[in-house]
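Chemist: Residues per chain are reported as follows:
Protein chains: 2
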Amino acid sequence: MNTNNIPEQILGRIKPGPAEQQRMQEVARRIISLVDRAAAGTGLTDISGMLVGSAARGTWISCEHDLDIFISFPEDTPKQDLKAVGLNIARQVAANADNSEERYAEHPYVHAVFDDFEVDLVPCFRVDSAAQIKSAVDRTPFHNLFILDRIEGLEDEVLLLKQFMKGAGVYGSDLRTGGFSGYLAELLVIHYGSFMEVLQAADSWKPGVTIDIIEHGNKQHNDPLVMVDPTDPARNVAAALTLDKFAGFVDRARQYLDSPAIELFFPSLSTRLSDSGFDNITSNRGTFLMALVFGKPDVVEDVLYPQLFMLHNSITDLLSRNRFTVLNGDVWAGDRETAVVLELEVWRLPPVNKHTGPPVWEKTHAEKFKQKYIEYRGFSEIYIENGRYVVDIQRKYTDAADLLRNEIHSCRLGRNVGESIKLGFKILQGSELLELDNQGFREFLTGFFHLN
Amino acid sequence: MNTNNIPEQILGRIKPGPAEQQRMQEVARRIISLVDRAAAGTGLTDISGMLVGSAARGTWISCEHDLDIFISFPEDTPKQDLKAVGLNIARQVAANADNSEERYAEHPYVHAVFDDFEVDLVPCFRVDSAAQIKSAVDRTPFHNLFILDRIEGLEDEVLLLKQFMKGAGVYGSDLRTGGFSGYLAELLVIHYGSFMEVLQAADSWKPGVTIDIIEHGNKQHNDPLVMVDPTDPARNVAAALTLDKFAGFVDRARQYLDSPAIELFFPSLSTRLSDSGFDNITSNRGTFLMALVFGKPDVVEDVLYPQLFMLHNSITDLLSRNRFTVLNGDVWAGDRETAVVLELEVWRLPPVNKHTGPPVWEKTHAEKFKQKYIEYRGFSEIYIENGRYVVDIQRKYTDAADLLRNEIHSCRLGRNVGESIKLGFKILQGSELLELDNQGFREFLTGFFHLN
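Chains as they are written, first to last, in our numbering: chain S, 835 to 1286; chain L, 835 to 1286.
For the record, the hints were derived by calculation from the structure and aren't laboratory data. Fair warning: this is a prediction, and the values are worked out from it, not measured in the lab. By construction, the Cβ of each residue, glycine as well, lies at the ideal position given by its N, Cα and C atoms. Watch out, some of these pointers could steer you wrong.
[Stated by the list, open to error] Reference excerpt, derived from the structure (chain L facing chain S, CB under 8 Å, subset only):
#1 Gly1082
#2 Arg1119
#3 Val1160
#4 Leu1161
#5 Leu1183
#6 Val1194
#7 Thr1198
#8 Phe1213
#9 Asn1286
[Unchecked claim] DSS-like, lysine-lysine: derived pairs with alpha carbons at most 25 Å apart:
#10 Lys1204/S - Lys1260/L
#11 Lys1206/S - Lys917/L
#12 Lys1260/L - Lys1130/L
#13 Lys1000/L - Lys1040/S
#14 Lys1197/S - Lys1000/L
#15 Lys1040/S - Lys1053/S
#16 Lys1040/S - Lys1040/L
#17 Lys1130/L - Lys1000/S
#18 Lys968/L - Lys917/L
[To be verified] Derived CB-CB ranges, DEER-like:
#19 Phe1100/L - Gly1264/S: 51 to 59 Å
#20 Lys1040/L - Asp1008/S: 49 to 57 Å
#21 Pro942/S - Gly1212/L: 46 to 54 Å
Kindly produce the complete structure, drawing on both the sequences and the hints.
Modeler: So, in structure tokens, the structure goes:
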């Protein structure tokens, strides 16, 4: 295989052609004029629509039809007006769309579909500098300006890097993925000069690597990658990047430098685990699988996933505090159901539980402990180990699933997850997990066992 | 029960009467004259016998017939001469004993039995101060002088404290017990003033408590109790005291202050566990018992026990490195056999083993790891977790007894224990442990399960 022209081959597949570009421009122009017309009808002046994001910068990937159209208000607009009027304008624009829904970030905005374009209509303040923003989205126009000033001639490099990140499963700064944002990819290309130079740099990245393009950073960050926002000296553009996505990118970069291949730009397809495949894997591994399953809360992923991750951590803590050991764990969300899936190395424990009390020399606690257990008919008398009182008592939960079933309400439950669990949950064990057959759960399992 | 006269009642049982005291004096005098006579025959001058230890100080307990008789040489005697001549004198003296054997500490000495007295005949240097000692035993005559100068009128208090420590199982500075020495008990009484005042002080002891009677300590010690040796500012008299014997004494002291009872002065008798008792206990606890059994090395306890403790620690490490968990462990020595006994909470593990490699960003190690496992047909592909490469491989030992059987030679084995294990060992599991029936093993088991 000729590996020299891989970039050309990739670009051939992902770079929008003239017709696609033109159509995008037309759709954007049409929506902006709809925004401006609706703005004119409000009686307020100086409100205008603007295209931001990758579409505005020529760094969007073919067939990704996401348009970010901001409705920009003068800085002195009262917050209430921006919220009310902004939403009103967005609704009027969306009245021309194929369909639309209101969504909530810091302020409400409207997500609408025009033809095959997914359009976010987002009200924002037009401030003088990114340091003076009044809401998080106000930063975006400054990002737009910074990139537009420097990206000319590098657009293809950004396209390659984004697509490579997709292939590595590390693209997307949403809270589910915890990967690289488009803006971050653009900044990396601007800083290092090209797609290949980004990979070469990543080859020797270590956690804590810091990039400060205009050398104005004024804050410490404790993140695997620090990209000081050129529009805000206190902000790390890569704050959402997790350690494992950081490491995943380094790993893939090294792999590509070592032996370039087109396949690395495209995520491998997840196999669906068959019944017999599942039985084989679980019986070979000899572990115990269980899943806490409950109704999927009706919230966006950026709200749902942090709650699922928190629940997962909290359950893992609960299990290990009770001396069960978790080998693997992950969260999954289907269309209607959600699950925390756990693979346990130790899931059954003997009835005896070594209950460790205070050190003998902490008199007040020591006496309380002795008083409590002196008449207790457990497995042993009170004895001393490592300077502490210990007594062998009856273990409350000898079975991990029992523990989870009875103590789930003591876990840290986010609001929506908590409400859903209160409505009911079930615990599936072993091959019962295959009841979650629909909704791509079997692809999830392939990843869960790290088979791809 | 009248608890006011407990001390009198105890003393009535443990204080040697006039006849016993006189007999002890006679035996000591006789042996000392034997030493002096043998010394005269050597041609060397200035060698003399002296009685040291509790018998010399009036702090020995009735029926405890241990005599320490030192053979004291001038300081300028060459070490070789002391060793040769000292041993020669001791042998001549021992020729008059019922039986005797040579033993080894820093220098050889002779242990002999005269009537019902156990006599140690120990050559030592007569130095000017304890700071100039040429071997560890040279310190003893200084201890003797220090105590003799201060103990008058306090002998009964020492007897009470020693007997109380015996009752608590914390008396004896031998390496098996790791408790309080007689000298330490004497110093405690001298420092605090009486048996009861020692207990009252212990009630609020914390690890690190330091006593320096003549305020001359010049060294930091990291021990639970520091009693600066009045005859040597750098030495901690309580160096052999373990944290658990320290805590055990504090616990018992508190118990006695709370409700004084004669029983606290006498160790409770260990029950012998019956077959059915054993079966009940183990099936209720639901754990797994195993014992590594091998021939008892023919060495003194102060040589044997440190090696057994080291083996026990090393085995516990081996098990926990392999993810088995130990609930209880102890060592036991019978007449001919020795054992490390372990109770496991987790003794079987699934075949899958999460093998964690280096962090992705440590390039050299990372590449070695990937190279090694890229073609490895394990349970998973290589994946990344917490920034490190991980691969699920086949666990080498899924059974704790298998692990121990195959890897015992990788444990830290002291010389004598190592030689014995090389000759052969067996691993007993569950009720097979009752094969060790003879030699008090069933009393040991009662203690092992903390049932007394």
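Chemist: Work down the list of hints and note, for each, if the structure agrees.
Modeler: Do the hints match the structure? See the list:
no., hint, verdict
1, Gly1082, "holds, 6 Å"
2, Arg1119, "holds, 4 Å"
3, Val1160, "violated, 11 Å"
4, Leu1161, "holds, 6 Å"
5, Leu1183, "holds, 6 Å"
6, Val1194, "holds, 4 Å"
7, Thr1198, "violated, 11 Å"
8, Phe1213, "holds, 6 Å"
9, Asn1286, "holds, 7 Å"
10, Lys1204/S - Lys1260/L, "violated, 39 Å"
11, Lys1206/S - Lys917/L, "violated, 58 Å"
12, Lys1260/L - Lys1130/L, "holds, 13 Å"
13, Lys1000/L - Lys1040/S, "violated, 60 Å"
14, Lys1197/S - Lys1000/L, "holds, 23 Å"
15, Lys1040/S - Lys1053/S, "holds, 19 Å"
16, Lys1040/S - Lys1040/L, "violated, 45 Å"
17, Lys1130/L - Lys1000/S, "violated, 66 Å"
18, Lys968/L - Lys917/L, "holds, 12 Å"
19, Phe1100/L - Gly1264/S: 51 to 59 Å, "holds, 56 Å"
20, Lys1040/L - Asp1008/S: 49 to 57 Å, "holds, 53 Å"
21, Pro942/S - Gly1212/L: 46 to 54 Å, "holds, 50 Å"
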